[in-house]
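Listed below are the residues making up each chain.
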Amino acid sequence: MTKINLNSTWEFAPSLESTDHINLKKQYELFIGGKWVKPSSGKYFDTVNPATEEKLAAIAEANDKDVDKAVKAARKAYNEVWSKMPASERGKYIYRIARLIQERAREFAVIETLDGGKPIREARDIDVPLAAAHFFYYAGWADKLNYAFPNRNPMPLGVAGQIVPWNFPLLMVAWKIAPALATGNTVVLKPAETTPLTALKLAEIIQEAGLPDGVVNIITGAGVTGAAIVNHEDIDKIAFTGSTGVGKIIQNAIAGTNKKATLELGGKAANIIFEDAALDQAVEGIINGIYFNQGHVCCAGSRLFVQESVYDLVMRKLKDRMASLVVGNPLDKNTDIGAINSKEQLNTINKYLKIGKAEGAEMYQTDCSLPKKGYWCKPTLFTGVSQSNRIVQEEIFGPVLAVQTFRTVAEVIEKANNTPYGLSAGVWTDKGAKLFNMTSQLKAGVIWGNTFNKFDPSSPFGGFKESGFGREGGLHGLKAYLKVKGS
Amino acid sequence: MSNKKVILDYNATPVIDQVGVLDRIDRITSRSLKKDAKMHGLKLALSMIDLTTLEGADTDKKVIQLCNKAMHLHDAMPGLPTVAAVCVYPNFVETAKKTLKGTKIKVASVATAFPSGQSSREIKLLDTKLAVDNGADEVDMVISRGRFHEGDYSFVFDEIAAIKEACGKARLKVILETGELGTFDKVRRASDIAIYAGADFIKTSTGKISPAATLPVTSVMLEAIKDYYYKTGIQVGMKPAGGISNAKLALQYLLLVKETLGDAWLTNEWFRFGASSLANDVLMQIVKQTTGIYQSKDYFSKD
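Going down the list, the protein sequences come from chains A and B.
Residue 341 in our numbering sits at position 343 of the first sequence, with consecutive numbering throughout.
One gets our numbering by counting positions in the second sequence from 1 and adding 2 to each.
In short, the hints are calculated from the structure, not lab data.
It is possible that some hints are incorrect.
[Said to hold, decoys possible] A short, non-exhaustive set of chain B residues, derived as facing chain A with CB atoms under 7 Å: (1) Asp19; (2) Ser32; (3) Ser34; (4) Lys36; (5) Asp38; (6) Ala39; (7) His42; (8) Asp265.
Since the structure is predicted, the reported quantities are computational estimates derived from the model, not experimental observations.
Every residue, glycine too, gets a C-beta built ideally from N, C-alpha and C.
Generate coordinates for the entire structure from the input sequences, incorporating the hints supplied.
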């Protein structure tokens, strides 16, 4: 067969985003009641750069006592200031936070890349601008809640406990904080233990914005700290983004309490390519679907379904496109795939690569060199798999694609829905009617038509089945933080 | 090269999704070229330029001046490549050939009632013959866009095939005039027609219509070239023309070629820029890369 060699001898020279403009402290305390407070345990843990394994900063570890302190500060701020403030005033603070993020966008992008391993291109062009956009969007709603829910007397819930994951550290903080503040709630938020830095930088912005003390409290720690938030009796609402396993524990823990919850959990999205699709662009969508953010995306298109008549063609095009993906230093502006977020996650991914091979699937990886230090995984795809394979059933959360074929619409709908998850899906076809038929039958919270992994603050996001419940973004995202008459 | 017969079904040309094409181009334009990689790209771009003059006011003396520029891009800096070709109207081919004698610079001639293509087959063949008889190494033809819009694809195909035959040894570049086609779907169909009818190169534009070349249109055309290569093993060249006036944009085109077709197309045998003012901007960047200092535009000759 004719081959095209895409391993060009014209290689990129290093093009590194500079880090000399960023301002990181050696040690971060807890942000409680508008002040930086030492943890009562006196304990700190390290956050490291996954691309170099070097320590970036020491981070305070919050225990029960610290969580209690933070919840008390949030309750006080809610009772005394935030719930009484005119909504238009609340909106001004949120606008101010949005603008400050924009002003310091470059610093945020670099720190996000250092702490999490994601390519600077994504942190700069996606994470940080979208985070600012979420604050702008919800700032606008703050004084218009009666128009969002007419005649239903929307009221805040109180104190929200929010726990965010490590894949989009700042963006997930924005998804959580912006609607909570716009609706008049106060917040105790915990970023993930491997990526706490941008949330702590946001605390600096919150101070700078003059937000009343205690309206937003940011405390750091691992699962134990998260559990203390979930179990605190004076929390009115839990908003969690993370694994389905932890989501189930949270739902158990809050059963029988008055706590409301939104859970945004795992996924194993079907990305479906029909023979009539624009195939070159579908390939671009497959790439965006699974290799965006090293595949550390709950809505990643990790199960690819290709109609049999175009299978060979799509695989050829996909492998060609994969050849131009640059894996390496996340700070390099040409990097497409950065570092795996942590050693633990790399072990999980490698475990699944082994499982895939042991199950008899054929593994394909691009021919690229990896840095010696740090945590890395080449862009990977598995062919010769079926719904019966574990790598098709379980969320890997890495740059690993499982490819299956199908023959008919009915067959692919059955297979796409044959999963405990239901967060997202993608459909590629040139026929509008086919697209809408598919979207009405797929059981997933977000379905993209002829695109993938596109986000906008006005668009609700959330899952079916074990991918969780509740919606973030848009009007739906407001409702998750309000008592609304008649529901 | 295989002997497999490949037949084009005009109604089965691949569909193109505009949003996806733009997504792909976003990835290209966010690439960053520094140091050696940038220098390599700049020199490559310089060597791929078809230095062009296609004006009603063209004269022999103007064409001679342009040829001099082609041969002496910036003699103050030794070791630079020359441009690939000079592109003129058929009646100036002889002058250009004479002036460029002894160099490797090719002479390309537009033909077939350029730029509109509104004439008879007979006239178009004569126009082509004039260019070839005068010694043109390459012929840049235009397709019949009116017939294409009418859906008369066979006419367009046959016309290209006839011109190709009339070209003899000269290489044929087929101008689709993408700015008049309207959609990426049509760009892809026109690309396939031109390629299957025997084009050695497909080219975006005459330079007389806006928009001329763009990165998205070029991406669609490169994918057509690639699909054909996979089917037949036959290489077809690409020439974006018009609107590419600065080095940064030229480098983005080259990166698109690199990531779509690889090194085999990164030579002036298979990729060209149709441009009149690009060369000086590329030269200015090369001097800047070498000396660290931007020089005044007045240090670069204008012909």
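Results of checking the hints against the structure:
no. : hint   : result
1   : Asp19  : holds (4 Å)
2   : Ser32  : holds (6 Å)
3   : Ser34  : holds (4 Å)
4   : Lys36  : holds (4 Å)
5   : Asp38  : holds (5 Å)
6   : Ala39  : holds (4 Å)
7   : His42  : holds (6 Å)
8   : Asp265 : holds (5 Å)
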